[in-house]
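Take a look at the letters that make up each chain.
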Amino acid sequence: SAVISQKPSRDICQRGTSLTIQCQVDSQVTMMFWYRQQPGQSLTLIATANQGSEATYESGFVIDKFPISRPNLTFSTLTVSNLSPEDSSIYLCSVEAASNEKLFFGSGTQLSVL
Amino acid sequence: GESVGLHLPTLSVQEGDNSIINCAYSNSASDYFIWYKQESGKGPQFIIDIRSNMDKRQGQRVTVLLNKTVKHLSLQIAATQPGDSAVYFCAERRGYSTLTFGKGTMLLVSP
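Chains D and P, in that order, are what the protein sequence lines are. The first sequence begins at 1 in our numbering and counts up one residue at a time. The second sequence begins at 1 in our numbering and counts up one residue at a time.
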């Protein structure tokens with residue numbers, strides 16, 4: 001299984017600012033994903049972070065709001081821009097064990113926007 | 001679109017009992033299913049998975065059952081322990097699509 005380090009683990013941010021979340025994996029992986037988990041809810045896929053190309057966003061999520069970087073096969077960042085209280089959620093990084101297999105998750109970033 | 005949902009939002013059991021958490025899915029083309037456990041303040045942790053060519057798969061104290069006829073998935077936990085208290089999510093995928101997660105069931109185990 002992959003070991004995923006995600007930071008920060010939590011942050012409190014002011015409205016209108018941005019937060020960048022980092023995800024580091026202990027091995028090279030092809031597929032990295034970013035999920036959002038709103039309070040008391042399930043996981044919703046934001047985007048797939050592709051190495052060497054732009055991220056692939058799911059319906060309802062746009063690059064201007066959630067820019068993603070994937071500079072190599074072990075690292076990705078998700079930025080949540082122009083924060084509003086509605087962005088208060090847990091953001092989770094995940095990697096695929098192998099093609100068409102289970103996902104492993106980081107411990108998440110708890111974001112609170114005031 | 002396709003959806004994955006759970007019958008019970010909260011399940012309360014006594015320590016030592018067996019727990020059964022249920023999940024319904026609507027996409028008959030789904031061919032891979034996973035159960036995750038999420039403890040407070042942590043990311044989801046993989047428990048067990050099953051492919052659509054199987055009806056049952058067992059792990060350590062856990063069993064997943066798949067009924068393709070009625071599109072139903074269940075997770076059975078034997079001899080439930082307080083450490084099993086968490087939210088449990090089922091997830092499904094079809095081919096090489098991304099995982100779709102169900103709504104989650106809170107399992108509460110009292111001593």
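Quick caveat, the hints were computed from the structure, so don't treat them as lab data. It is possible that some hints are incorrect.
Said to hold, decoys possible - No farther apart than 27 Å at their CA atoms in a straight line, the calculated lysine-lysine pairs in the DSS-like style are these:
hint : chain 1 : residue 1 : chain 2 : residue 2
1    : P       : Lys71     : P       : Lys56
2    : D       : Lys65     : P       : Lys103
3    : D       : Lys102    : P       : Lys42
4    : P       : Lys103    : P       : Lys37
5    : P       : Lys42     : D       : Lys7
6    : P       : Lys42     : P       : Lys103
7    : P       : Lys56     : D       : Lys102
8    : P       : Lys56     : P       : Lys68
9    : P       : Lys37     : D       : Lys7
10   : P       : Lys68     : D       : Lys102
11   : D       : Lys102    : P       : Lys71
12   : P       : Lys71     : D       : Lys7
13   : P       : Lys68     : P       : Lys42
14   : D       : Lys65     : P       : Lys56
15   : P       : Lys42     : D       : Lys65
16   : P       : Lys68     : P       : Lys103
17   : D       : Lys7      : P       : Lys103
What the hints assert, rightly or not - Here are some chain P residues the structure puts well away from chain D; computed CB gaps all over 12 Å:
hint : residue
18   : Ser12
19   : Ala24
20   : Gln38
21   : Ile48
22   : Gln60
23   : Arg61
24   : Val70
25   : Lys71
26   : Met106
Cβ atoms here follow ideal geometry from the backbone N, Cα and C, with glycine treated the same way.
Comparing the hints with the structure gives:
no. : hint               : in the structure
1   : Lys71/P - Lys56/P  : holds, 14 Å
2   : Lys65/D - Lys103/P : holds, 25 Å
3   : Lys102/D - Lys42/P : holds, 17 Å
4   : Lys103/P - Lys37/P : holds, 12 Å
5   : Lys42/P - Lys7/D   : holds, 13 Å
6   : Lys42/P - Lys103/P : holds, 17 Å
7   : Lys56/P - Lys102/D : holds, 17 Å
8   : Lys56/P - Lys68/P  : holds, 11 Å
9   : Lys37/P - Lys7/D   : holds, 21 Å
10  : Lys68/P - Lys102/D : holds, 20 Å
11  : Lys102/D - Lys71/P : holds, 20 Å
12  : Lys71/P - Lys7/D   : violated, 38 Å
13  : Lys68/P - Lys42/P  : violated, 31 Å
14  : Lys65/D - Lys56/P  : violated, 42 Å
15  : Lys42/P - Lys65/D  : holds, 25 Å
16  : Lys68/P - Lys103/P : holds, 20 Å
17  : Lys7/D - Lys103/P  : holds, 26 Å
18  : Ser12              : holds, 17 Å
19  : Ala24              : holds, 14 Å
20  : Gln38              : violated, 9 Å
21  : Ile48              : violated, 9 Å
22  : Gln60              : holds, 15 Å
23  : Arg61              : holds, 19 Å
24  : Val70              : holds, 22 Å
25  : Lys71              : holds, 18 Å
26  : Met106             : violated, 9 Å
Of the hints listed earlier, those the structure fails to meet are numbers 12, 13, 14, 20, 21 and 26, in rising order.
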